[in-house]
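Colleague: Going line by line, the protein sequences match chains U and E. The first sequence runs contiguously to residue 396 in my numbering. The second sequence runs contiguously to residue 538 in my numbering.
The hints are simulated quantities; they were obtained by calculation from the structure and are not laboratory data. The structure presented is a predicted model; accordingly, all values stated were derived computationally and were not measured. From the three backbone atoms N, C-alpha and C, an ideal C-beta is built for every residue, glycine too. One thing to keep in mind: the hints can contain errors.
Said to hold, decoys possible - Derived list of chain U stretches under chain E, where covered just means 3 residues or more per stretch with a C-beta under 8 Å from a C-beta of chain E:
(1) 127 to 136
(2) 189 to 198
(3) 259 to 268
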Amino acid sequence: MLRQDHYKTSVYKTPFHERTSELNILNEWTRWKDYTVSTSYFRTDLEYFAVRNTTGVIDYTPMVKQKITGPDAAEFVNRFFTRDMNKIAVGRVGYVVWCDEAGQVLDDGTVFHVRENEYWLLCVERQLDNLGNSAVGFDVKIEEITDEVACLGVQGPTSCSILKAIGFDAIEHLKPFDIKHYDFQGQEVMVSRTGFSGDLGYEVCMPNDVALNLWDELFDKGEIYGIKPFGLDALDLVRIEAGLLVPGQDFMVAEEAIRPGSTRSPFELGLSWLVDLSKPVFNGREALLEEKKRGSRYTFVKLNINGNKPAEGAYLYNQSGKKIGNVTSAMFSPSAKANIAFATLHDPWKKGKDKIIAEIYYQKDLEWNKVMEEATIVTKPFFDPDRKRTTPAELY
Amino acid sequence: MEKYDAIVIGAGHNGLTNAAYLAKSGLKVLVLEKNDYIGGAAVSRELHDGWTYSNCSYVCSLLRPEIYRDLNLQKHGLQVIAYGGSVTFMEDGNIFGGYSDHDVQRREIGRFSKKDADAYVRFGRDVSKQCRFIKPLLLRTPPDPTSFRPKDLDELLYLFKRLYGLGEQTIYETIRFYTMSAAEYLAEYFESDIVKAAMSGSGIIGTALGPYSPGTAYVLLHHYMGEVDGSIGSWGFARGGMGSVSKALAGALQEYDGKIITDAEVTQIQVKNGKTTGVVLANGDEYHAKNVVSNLDARRTYQDLFDPQDLSEKLLKQVDNFKFNGSSGKLNIALDGLPEFPAMGKDNPLIYADMHFIDSLERIERAYDDWKNGRWSQDPYVDMLIPTMTDPTMAPPGKHYMSVFVQYAPPKLATGEWTDKDREGFGKTVIDQIGEYSPNFKDLIVHAEIRTPQDIENEVGLTEGNIFQGELTMDQMFFNRPFPGYAQFRGPVKGFYMCGSSTHPGGGVMAAPGANAAREILYDLKRKNIVPEAENDD
Ligand SMILES: Cc1cc2nc3c(=O)[nH]c(=O)nc-3n(C[C@H](O)[C@H](O)[C@H](O)COP(=O)(O)OP(=O)(O)OC[C@H]3O[C@@H](n4cnc5c(N)ncnc54)[C@H](O)[C@@H]3O)c2cc1C
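Modelling step: build the complete structure from the supplied sequences, incorporating the hints.
Modeller: Given below as structure tokens:
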């Protein structure tokens, strides 16, 4: 049991704090669940380019981590998540969503099939209640391990070289979404070729007590490969370019939604590829079948918007001036030199027929101005380099 | 003899709100109050030199912000200061804290059940959904579901729209919700007994029901839907005690030239040819007006002020059947210093918060059993606060005022009426319970006001001491409050209205019944409505 006076530390420091606080020369921090993390270390655009050009390291320890173990683990995850989990073999990672009974997305995340009968779920919101309610009749154990496991994202073109240099042999042979365990100073660390950057990159999960040593090794060996820390602001830029959604920003998690119509089904988030309706049972299946018949209310799209004014929070209209949706994330992409956004569209928008026009407010010299800019739908990620997929990975 | 457009009987906060709106509309208004102070159950009094007590109600959050703003209560001296948190002391020496920080609260729940900690999000969402449904209804008049008048049909339509606006799933949940017990409702989310006990408290405050009684889920919501500055579910102190609310309302009334007379107990409402003509006081004085509004509860109003011959047999029966079931007592204690609570540790911010000393649903239910048996609870549920931790105006610096709301105490004991000795025994039970968790508490007491339901009835006029002017159960709510057919603030005779907590939406320092009644009176008088509607929350 936590000590009764735990309230005295309302917000925790991550196991990397000693190092991140030295490097955070801007002293810019934000709260991510129980922890404080850097929003920016030295300059957001340079941190961004470290990820795109050399290697950026992000402390994502606050990510909620749940461990599911037991003889029925495989069957249980297949019942909980919408996709066919049998396809995620031991040693592989899969992107997942899961729904409430109404087929509305509770959260998204990644599932690590760590070993036979052991899965880790990494996501934004805590799921012990949802997982526990679904576990009735399954021989599984569900624990939260967020505070016991420290995590780093090591992302960017030179990331493979750096990890190899600290002793992770043959890491270049990991295919995207592969997992491999390594010994680091006598402790087991888990490395996966995953990440939130849409580029070559890895995630490293480790016991807290080797966290500082591993960080030091990375930055020591990584120096010649251009290693830099990056904060949440730069992360937001790379993840939009990569086309990755954030719960609580691009959609409302059903667990917290109060107003009807504010939640989204996987179909409405462009995630039909994560739903396998041929599975006999999973949470939300009935409702999703019904939606297939009846049609969806919303369409998620990636937009390329004319002009150079980021469309944050913009209303979207069709050619007759009817509101057809709004933007959920937006930025001017340094890599694509394009004005990009995620948006959710609804009636009376007609696919293929209607124009999409963004109402963008922006400030110059403190004056607010408005432009109406036309947007086109993009299907591929805005930034999608080959090196993201190439195996063996690029070494420098 | 001066003539008035409207006379309001009772200067409770609802009477004052009602009068303020009538006066603001340009009517000549008189408020008659039996006590030599105003406020009813929203009152601050100095009973011990240097200490101000919030004698009855003690925390403020239900007060409608729309009225606060519209009547400019800030200008008339009202300040509501937010405070945070709650704490339940457990028999085994542990505590369960209610922290305002979401993550700290989750971790605190997690000390007892990790699953409950995560379920807290779902609980918060579902309660918020119910609040969203009900909040706009607080400043509206319930429709008469049997009437075909356009006004009622419009209102029914509005209601159905709201209901359907909840979404399919929530409609089912809403209907279940109104008939469930707090214990059943909480069990749909939580497994830990301490978590459930701590959260069930607001389901029984003021009501003669136990946590396992159907209907207490709603009472829980009634206490949850308050807000301070848009922060739903949080509570605040009226600076200077709850009397500041009444004082500010009186200030607004006087600004619009309304008049208040205290020490003026009304004994009769005059009726002539089915119309009200005025009132008679205990001292024989008469005041005349075509409109008479009662701030008293439904039973007092109809049984004490009307000649039964002016009322129908059916109405008299309804008055008889209206449930009060007083169940609450109160201690106001002047302290020479700050009591220590070792279980909480030093410098714990929960010293600012609500404190409770009962740690399981079972124990709360046993406390309720005592009520049924005509005894005060031997192991009571108390809602205890030290307002002077926040408010510097209520006691000398370094000294403290402690407010202790007590559940349960019956309006009448099995042994008969309350005696002075019973009152003392009741006070001792409560003081002993607190003393068990605070070793220096008893030595710090310099004065205590002990109030039984009977005292509350005698002083404030709340029948049986029921704090809501009548139980808040489904059969007495919305278009059934106080009675079917009379839920629109009107009575059986022309020109007569009700504006107290016996009317929609019920008790608590909300000012909503008073404002709602004013809207209906202005409608009958064909005057422009000036009573604000609820702000849209979407
Ligand atoms: C102990 C206690 C604690 C409470 N705690 C809280 C709390 O913390 N927060 C909260 O929001 N609510 C609380 N409440 C409830 C809340 O105080 C009441 O529901 C609310 O104040 C009632 O207001 P009212 O104006 O409707 O009626 P009342 O306050 O009952 O006003 C009626 C007025 O009429 C007067 N009167 C009676 N008979 C006559 C007569 N014959 N002639 C002239 N005048 C007459 C009375 O003296 C009184 O002033 C509490 C109530 C009690 C009793």
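Colleague: Does each hint hold? Answer for all of them.
Modeller: For each hint, the structure was consulted:
1. Under the rule that three or more residues need a Cβ within less than 8 Å of chain E, the assignment of the stretch 127 to 136 of chain U holds, with 5 such residues.
2. Figure legend: the stretch 189 to 198 of chain U, annotated as covered by chain E; annotation inconsistent (0 residues with Cβ-Cβ distances under 8 Å, at least 3 required).
3. Counting residues of the stretch 259 to 268 of chain U whose CB lies closer than 8 Å to any CB of chain E gives 3, so the stated coverage by that chain holds, three being the minimum.
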